[in-house]
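J.: Sequence:
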Amino acid sequence: MTTKAQFIAVTLDCAEPKGLADFYAKITGYDSQYADENYAFIGDGTHAIGFQRVEGRAPASWPGPAKQFHLDFRVPDVDKAVREYVELGAVKPEFQPGDGWVVLADPEGHLFCVCPERS
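Sequential numbering of the sequence shown, starting at 147, is according to the numbering used here.
No lab work stands behind these hints, which were simulated from the structure alone. Accuracy of the hints is not assured; some may be wrong.
Unchecked claim - Derived BS3-like pairs: lysine-lysine, alpha-carbon spacing no greater than 27 Å straight-line:
(1) 150 <-> 164
(2) 238 <-> 213
(3) 164 <-> 226
(4) 164 <-> 238
(5) 213 <-> 164
(6) 172 <-> 238
(7) 226 <-> 172
Use the sequences and the hints to build the structure in full.
T.: This is the structure we're talking about:
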């Protein structure tokens, strides 16, 4: 039997860890766990998102084949959440591939989806 791994965190490469951590803390409600100029970490006690400074990091174009991942967040009201997240610094790309959810880019260009609650 394969050893079971418990998912605890994902870490995003970025230019400004503290700023990006602040953005995601606002949209998730996660608390800041640690922050310095090279690394920041937010979490809820079960899951966490880390932010690691990588000089020269450039976001992948969207749409395009260079995208390697995206995050998904479930919200009670997609339209309201999109408006709020754009006010916080997210960008809504013109290309939207689906119906019912919205693709946004965070202030550093990482893509994430804003998804409705399950029916």
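J.: When the structure is checked against the list of hints, which entries are broken? Sort them ascending.
T.: Number 1 only.
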